[in-house]
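*Asks:* The lines below spell out each chain.
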Amino acid sequence: MAEIGTVGPTIGGALTPQIGSNKADAAVLSFNQRVMSWYGIIAFLLLWQIAPYLGLTDGRFIPPLSEIVADAGKLIANGEFFVHVASSCQRVLIGLFLAVVAAIPFGILLSGFFPRLTRFLNPLLIILGNINPFALFPLFILLFGVGEMAKLAIIFWSSLFPILNFTIYGVMHVDPILIKAARSMGAGKANIFWKVVIPAALPSIFTGFKMGATVAFLFLIAAEMLSANAGLGYLVHNASLNNYIPRIYVGVLGIAILGMGFTMLINQVEKLLLSYKDEVKVT
Amino acid sequence: MGFLRKYGCIIIFLSLWELLSRTGIINPIFFPPFTVVLATIYKMTLTGEMVIHVRLSLMRALVGFFLATLMGVPLGLMLGTWFKSFYKFTELPLEVLSQINPFLLFHILILFMGIGEAPKITIVFWTCLWPITFSTMNGASSVNKNLIKAGRAFGLGSFGLLTKIVLPAASPLIFAGLRLGLGYSMFMLVAAEMMGASSGLGFLTLNSQESFQLNKMYAAVVVIAFLGLLLDFIIYMIGRKYFLLANEGYVTVGEN
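Line by line, the protein sequences give chains X and D.
The numbering of the first sequence is this note's numbering, which starts it at 2 and goes up by one.
The numbering of the second sequence is this note's numbering, which starts it at 642 and goes up by one.
No lab work stands behind these hints: they were computed from the structure.
Hints are supplied without guarantee of correctness; some may be wrong.
[To be verified] Coverage of chain X stretches by chain D, computed from C-beta distances (three or more under 8 Å per stretch; other residues unrestricted):
#, region
1, 82-89
2, 138-147
3, 212-226
4, 268-274
Here the structure is a predicted model, which means the values were calculated and not measured.
No residue lacks a Cβ here, since even glycine has one placed at the ideal position from N, Cα and C.
Construct all of the structure, not just a fragment, from the sequences and the given hints.
*Replies:* This is the structure in structure tokens:
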């Protein structure tokens, strides 16, 4: 879903909690607040653990946490878990890498040097990006079979359009004042491109990349469920077919943690890379 | 001329598809010409087959979306205003929950709900809930402090502040969340219908592929794409009419 110009978090988006900090004891406060969110998750996990024993939930369908952890431990001990995580990661990273390599240079070139062509192509690109990749699944299977190629193609296709559309949006919406200022200070075309347009467009490109990464994880799982013999999606699918319920939860939590870790990593990279950009509060 | 400039690209794309398929440059078995797909849609509408699937899919998507709106907007408002410290407490669990992959959730939902309408609607509900909640929360918690101070100075109680100041001030972001949610609703619905259903557009797509009726498959894909754009267009129009959307443009066909 290429939602250009939409602010606010996506499903996988990072939240920006506001931390009050004009007090003298701001440090203590912020520490407490950071711990606070851990209290929350501890309470949540505790509730999960004891709910079946209290009869709040059915232990067969929502097994207590200890059972899930035990099963995860078993999978980790025999090394199976890492095989699944590795093959899932590999697919996501390759698909995402290909999408980035294709979309960012193409988007920058297209919108940087052929703005009129870009404006002409934009509706088509946005429609293609809005087409539900899930609906195209059968088509990918027809074209690429059920092997690794098809999965990579699905991940590539689904993450391509958010990245491409946000790149184009970023380059097309650079503040004209910045460009005029650079020009009046005598910057040449190449200089403007590298020193003004790219840095100004980078936040938007990053937003696209984050969106692409979220979508890539989503479709990785979908692709692995349709046909695979390794990967976290396969793990869940297989456990579900065998009615082995704790293992479903292992897979679900594994993917959630993997996705969150990846999001955090991207956020850190973004912070490093976009240090020139002030933190803008979403209003 | 304005029309051509806006939609020319799409027309070229469709004619290219038609031409390449008719001349056999791309395999017409895998890529039937666009007019054939349109004819298939027409035929399926006449026999009523398409109507059934579209109606069911729309019903599921919209019910899930409305339920998510009913829950997400108040929840976001509460977490963003009165229960800010409670939000700090629940932030991590909420984030974990929002990260749970809806595809995988389906397997768990089937355990509870069987394979009827309920798990599909729940999946749509779950997927829409998070963008709506988080967006509303962001909007509610970042309302201009001066507005709230002014409201308080004029003697509004906390409920009045919520309904008369926070809600209108947050409405652009709430609306952005709703629009995102509606987009996701169709998205996930098709996925849910592919995994376990005997009706709906997702089922139609997968079933026609499995029985190698590619014309039907393309018909379903085109209808899904069209419905997605249509829903986005409708919610955009509603938003433009009833919400303040100063900084937001309609990004699908039209702008630029």
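*Asks:* So which of those numbered hints doesn't the model satisfy?
*Replies:* 1, 4
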